[in-house]
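A.B. asks: All letters in the sequence shown, in the order written, are residues -18 to 63 by the numbering used here.
Think of the hints as simulated: they come from the structure by calculation, not from any bench. Please note that a few of the clues may not be correct.
Said to hold, decoys possible - With a straight-line cut-off of 20 Å between C-alpha atoms, the simulated PhoX-like cross-links for lysine-lysine are:
| # | residue 1 | residue 2 |
| --- | --- | --- |
| 1 | Lys32 | Lys60 |
| 2 | Lys60 | Lys5 |
| 3 | Lys(-12) | Lys60 |
| 4 | Lys5 | Lys(-12) |
| 5 | Lys(-12) | Lys32 |
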Amino acid sequence: MSKLRHKALQVSCDNQGSPLSLQKDQQTFRVEQVLDCWRDTGCWWEGESEKLFYRLSLDNGAIVEIYRDLETHAWLLYKVYD
């Protein structure tokens, strides 16, 4: 089961742009492993911008999906797996 969030994040990345750590609510979580990465165009016909998604394993044991809006460059928490 998972929960959709759409919450803003601060993300630190390596030189290739892959996430290294996430900061949310003044807590920092280190990325243990990038499990998957993909692009999604969403509802492009409605003007939605392309997004770059990552499924990550974090140092606290959580599995999350985050994305970067490629138009605004904002990072958002998309999904948290239970």
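A.B. asks: Taking the hints in turn, state whether each one holds.
C.D. replies: Here's how the hints hold up against the structure:
1. Lys32 with Lys60: With a Cα-Cα distance of about 14 Å, the restraint between Lys32 and Lys60 holds, given a limit of 20 Å.
2. Lys60 with Lys5: The given pair, whose Cα atoms are some 14 Å apart, holds under the 20 Å limit.
3. Lys(-12) with Lys60: Roughly 9 Å separates the two Cα atoms, so the pair holds.
4. Lys5 with Lys(-12): holds (9 Å)
5. Lys(-12) with Lys32: Answer holds: Lys(-12) to Lys32 is near 15 Å, not above 20 Å.
Of the numbered hints given earlier, the model fails none.
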